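Chemist: Sequence:
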Amino acid sequence: MACMGGCVPERDGNGAYDYPEDAKTAKQRDREITKLLHKQHKEDQRRLKLLLLGTGESGKSTVTKQMKIIHINGYTFLERIEKRKDIIRNVRESMLAILGAMQHLSIPMEHEDNKLSGEFILSQEADKIAEVSQEFWDHCKKLWSDQGVQQCYLRSHEYQLMDSAKYFLDKVDELRTPNYAPSDQDILRCRAITTSIQKIEFEVPDAGRNVKFSVYDVGGQRGERKKWIQVFDNVVAILYLADTSGFDQCLREDHSKNRLIESMEIFEQVWN
1 MACMGGCVPE
11 RDGNGAYDYP
21 EDAKTAKQRD
31 REITKLLHKQ
41 HKEDQRRLKL
51 LLLGTGESGK
61 STVTKQMKII
71 HINGYTFLER
81 IEKRKDIIRN
91 VRESMLAILG
101 AMQHLSIPME
111 HEDNKLSGEF
121 ILSQEADKIA
131 EVSQEFWDHC
141 KKLWSDQGVQ
151 QCYLRSHEYQ
161 LMDSAKYFLD
171 KVDELRTPNY
181 APSDQDILRC
191 RAITTSIQKI
201 EFEVPDAGRN
211 VKFSVYDVGG
221 QRGERKKWIQ
231 VFDNVVAILY
241 LADTSGFDQC
251 LREDHSKNRL
261 IESMEIFEQV
271 WN
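Following the working numbering, the numbering of the sequence shown begins with 1 at its first residue and continues without gaps.
These are calculated hints, taken from the structure and not from any lab test. The structure presented is a predicted model; accordingly, all values stated were derived computationally and were not measured. It cannot be assumed that every hint is accurate.
[What the hints assert, rightly or not] Simulated DEER-style distance windows between Cβ atoms:
| # | residue 1 | residue 2 | range |
| --- | --- | --- | --- |
| 1 | I33 | I200 | 21 to 29 angstroms |
| 2 | E125 | Y240 | 32 to 40 angstroms |
| 3 | L96 | S245 | 18 to 26 angstroms |
| 4 | D254 | I200 | 40 to 48 angstroms |
| 5 | T76 | H111 | 29 to 37 angstroms |
| 6 | Q198 | K141 | 30 to 38 angstroms |
| 7 | L48 | F120 | 47 to 55 angstroms |
Don't be surprised by glycine CBs; every beta carbon is placed ideally from N, CA and C.
Could you put the whole structure together from the sequences, leaning on the hints where they help?
Modeler: Written out as structure tokens, the structure is:
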């Protein structure tokens, strides 16, 4: 007899329920999913979860890049090409920081006509920085050779300037070539602010077995620290990084706060 809605299946000759074929398939799929989830849970329990913490520009992302290079076969060619825009952005931001500091510190250009080069750099839109022209590189090279710019660079502890500024500005001729692909060292030096939770996973051989790691990198700027609590569950170790070279520098977000003091205060908060 036909029935409407969810009918109870009939029993077979042995008294067991005789499920329709689609119901049997669904039940089998459910068992497979449950088995897969159980397996994944066991693997997650065996995986060691590490958390990288520290204030902004303390080197957390550099450590994860090093782990990728050492344990995950490094960067592909396409990944390297993708990093070019970050490096170009680093060059622009470094030059902008120096030009701004020159005004603040009352340091004049060695050559008056280099002011036009400074104006050109200032006119470059940040969202189009991946498409810079050869003219952009010409102006960067011209400015970097100006003794006024060099004098301002030597006083970089008095303002906010990324550590890799000199590294990239010294190699403008290489960066400007059409076939330039960033090296491992270029990628490690490249600065990009972490604004979300980044995770890398890898395995390390140990005593005949592979130890699995999940390493989480969370943004260190003040606005990003509220996300730290989201990744504390099941953490086996925390690597807290502090940039000791920032002992005479201020925070990017707060020029009245010393970077190293901020780092130590945040470490104390995490510890307690």
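Chemist: Give a verdict on every hint.
Modeler: How the hints compare with the structure:
Distance hint for I33 and I200: a CB-CB separation of about 27 angstroms, consistent with the stated range 21 to 29 angstroms. A hinted range of 32 to 40 angstroms for the beta carbons of E125 and Y240 is consistent with their spacing of about 37 angstroms. Remark: the range hint 18 to 26 angstroms for L96 to S245 is upheld by a beta-carbon distance near 21 angstroms. Under the hint 40 to 48 angstroms, the C-beta atoms of D254 and I200, about 30 angstroms apart, miss the expected range.
Take T76 and H111: their Cβ atoms lie about 43 angstroms apart, and the range 29 to 37 angstroms is violated. The supplied range of 30 to 38 angstroms is met by Q198 and K141, whose beta-carbon atoms lie about 33 angstroms from each other. At about 50 angstroms, the beta-carbon gap between L48 and F120 stays in the expected band of 47 to 55 angstroms.
When the structure is compared with the earlier hints, violations turn up for hints 4 and 5 and for no others.
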